[in-house]
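Colleague: Could you put together the complete structure from these sequences and hints?
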Amino acid sequence: MIQTLLQQIINGLVVGSVYAVVALGYTMVYGILGLINFAHGDIVMVGALTALSSILFLQEAIPGLPPVIYFLFGLLVAIPVCMAVGYTMERAAYRRLRNAPRLAPLITAIGVSFLLQTLAMIIWGRSYHSYPQLISTAPLQIFTGVFVTPVQLLTIGLSAALMLALVVLVTRTKLGRAMRATAENHRIAGLMGVDTNRIIALTFIIGSGLAAVAGVMIASNYGVAHYSMGFTPGIKAFTAAVLGGIGNLAGAMVGGVVLGLIEAIGAGYIETWTGGWLNSSYQDIFAFIILGIVLIFRPTGLLGERVADRA
Amino acid sequence: MIKLLEARNINKRFGGLTALSDVSLSINKGEIYGLIGPNGAGKTTFFNVLTGAYVPEEGEFVFNGSELPLGRPDRIVARGIARTFQNIRLFREMTALENVMAGRHIRTKTGLLGVLLQTAHTREEERLTTQRAYELLKYVGIERFAQTLSRNLSYGDQRRLEIARALATEPRLLALDEPAAGMNATETGHLRHLIETIRNDGVTVLLIEHHVKLIMGLCDRVAVLDFGKKIAEDAPGEVQRNQAVIDAYLGGAHHAR
Amino acid sequence: MNNLSQAIPFFGKRNPKLALIILLVLAFALPLVAAIFGRTWVRILDFAMLYILLAIGLNLVVGFAGLLDLGYIAFYAVGAYTWAFLASPQFGVHLPFWIVLPLGAAFAAVAGILLGFPTLRLRGDYLAIVTLGFGEIVRIFMNNLTHPVNITNGPQGIGQLDPLVIFGLEINRDLQITDTISINSLFLFYYVFLGAVALAVLLIKRLQVSRVGRAWAAIRDDELAAKAIGINTRNLKLLAFAMGATFGGVAGGLFSAFQGFVSPESFTLMESIAVLTMIVFGGMGNLAGVIVGALALACLPEVLRSIALPVQERLFGAVYLDPEILRMLLLSLAMIFMMLLKPEGLLPAQARYSRIEHLPGMKGSGQ
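Protein chains in written order, with numbering that gives the first Met the number 0: chain A, 0 to 310; chain B, 0 to 256; chain C, 0 to 366.
These are computed hints drawn from the structure, not numbers from a lab.
Mixed in with the good hints, there may be bad ones.
What the hints assert, rightly or not - Facing chain A, according to a computed beta carbon distance under 7 Å, are these residues of chain C, among others:
hint: 1; residue: Leu67
hint: 2; residue: Val129
hint: 3; residue: Gly132
hint: 4; residue: Ile136
hint: 5; residue: Ile139
hint: 6; residue: Thr145
hint: 7; residue: Val279
hint: 8; residue: Leu329
hint: 9; residue: Ser331
hint: 10; residue: Ile335
From a predicted model like this one, the values you see are computed outputs, not experimental measurements.
Glycine included, every Cβ here is placed at the ideal spot set by N, Cα and C.
Modeller: This is the structure we're talking about:
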């Protein structure tokens, strides 16, 4: 019994740390623009598929290298590509809508999301691609009956490192201060000499870079990649951001991990709880239910202070 | 004098901040009652509590002989209290006429079924609503803009429209939140005339205003709020001579903190 | 239909009556013209009519009451599955359409209230995300409610649905007039759907210019001010959700009857977004725009398909952009460019909530 619980906690931490990384992108953009960047989840997909293509390319061109090299190469290509996509999206679409009526940016973001998926369908086709297992997925036993794989460990480690780096960036650097100032109030930050357009663009770039890494980690964990793979982690990461308190970096991280744990434990026990009526294929409803509950009863989230009824 | 509204020991807090502290006042039927005070004194909060936008922690309102339901704007309007907003809030995508027609909502009855079946009663009520709304536009003097989108009206006309919309709910008490804000001298003069007309037609008026001349010339009685407390309630002339009021406006001792 | 007829260039404003007649003739003749290009085009028009029905319903929620609903297709699903449960071998129940269709609408309305109730306090983008979640939850249940009792039959869906029989006339079968002349079932469906659309338009017009429609518009424009004039925003928002859902439910039932088969695949988020795009494309809030938007975006992908596929084959010898991709590309680009370049939509007519004829001495002037 206790093994099952421990195992689900480990699984939850792995998934949750990925949610947290993606949630940071949502929360940074929301904090600054008040926009739910619906297309952020699709950046995750672009990251995973770009990395896949570049890994396959390198394996073809220079076979026989250690797997880690291929993996790193995939990441190194995916990150800048995603950053470019994120920048383009802000520059070409969202920037023009800064002062548009309330629903316009959201509808545009939905459009961008579907456009990215369509383009991915054109480039990578509609099928599921199996993802090269460059980091071992051989389970290591840490307690009796409790397992963790190297790729899971890497996921947790890499996510933690990225989050730490972001926190340092935001709290310790001049750029971070400009970001916080812009989030507080664009206009005033602008008057104080902050180039807010640049800061907003950078926010998209940083968030997209994080999403790229998350994409590679997700695909490596599940061993598949696919044009619509970004949707579910995207909506869940958004849930995590709301759960933690949208606009709040620490909240996004806490929210991600908490959501991951709830989902994993819920999926592990739902069959017992519902007397066999529901099973783990209902796992995805947890995120939606939590999202609804948080928005309705505690819209400020676990750590947030922002009010939710902006529109 | 018959009391129309009596506020009894109203308290409203926001976190640690006390916005209204034990405010009691009473408004007589048929008078124009002014509510003044420095910025942040709690005037608009009082409006919001009265009209149900906020629920007070303590206190009650007795209106026309019975207690008002707290925090239920729709029922408060039905009882006969209508308001306008400091920063005008019209329905932007509707014409002036339609704004006022929307104001008839609470005094009309057509339900979903009536609408879908277009019963004779529905059609008749719709026609009456349109005509009544048009009359109200005439009453405030903007009937020539009946077909203009409210957002395209001039500032002064938007204020008038908001008053017409409030009047459409057939209030006994009309609460106006700084109706003269941003108006020039001519417009203020027209407004003053309009408020007097409304009162003469039997509607009691509660007025928040910064414009001292307007208050002094128009109001029968004035209450002064400062830091959420009522510090005076009297005829305008008396209030002007009240030392506490002078202190509050000129920055008395307690303002120095 | 007045708005729509006014949208007809030249005639619209000068001679509304003539324009209306032209419009009706066009609506009636459309499938006959389409049939010249092949029977599939009639089928496409049938679907377009269903999309119009959906767009009209969603527009009530989004355009009239200002509640952005991204899970609208769930109500379509409720209507469709109601038909599948109550008129198919799935449970061996075979009720006639005049029971199943209203039941589907009623269930959808209940679902609308179930969604509306908890989300009353939410506005704008948050409401959008929660409604999206609702749509997904419904889909997850459709996909998985097979165990321990098989209710939905999972991803395989439910087939062999009963045909639509109206007054003894089976719409799913060609109508045999003489031994040699018959009317194809696709035409029959078109006229049934057209009738449903006409009824929907009539009801929506009535709602729009009414006490209820004005209250919705008031809530959309400024909720606080709406409360301040005594509108019970809670009840009216629930009513908007329920009414919008009703249209979805009816459309869903008709869809089931038309297809003879339902599966969760037809009720994805993409479909919710597609209907939303139709509204945005045509002009949110105004009925004519919504109808034109739905018609255009339901037919355009098919037109593109028939042009783009042969062109691709001729040029590259293979098909790179399949029809599904073309459709998504078109919808997503329509959404983005419309918002960036013409956010008020293709037909940015003013939606009106009053009848000026009611004022003496102002007969039909204005506008």
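Colleague: Any of the earlier hints contradicted here, and which numbers?
Modeller: Those not satisfied are hints 6 and 8.
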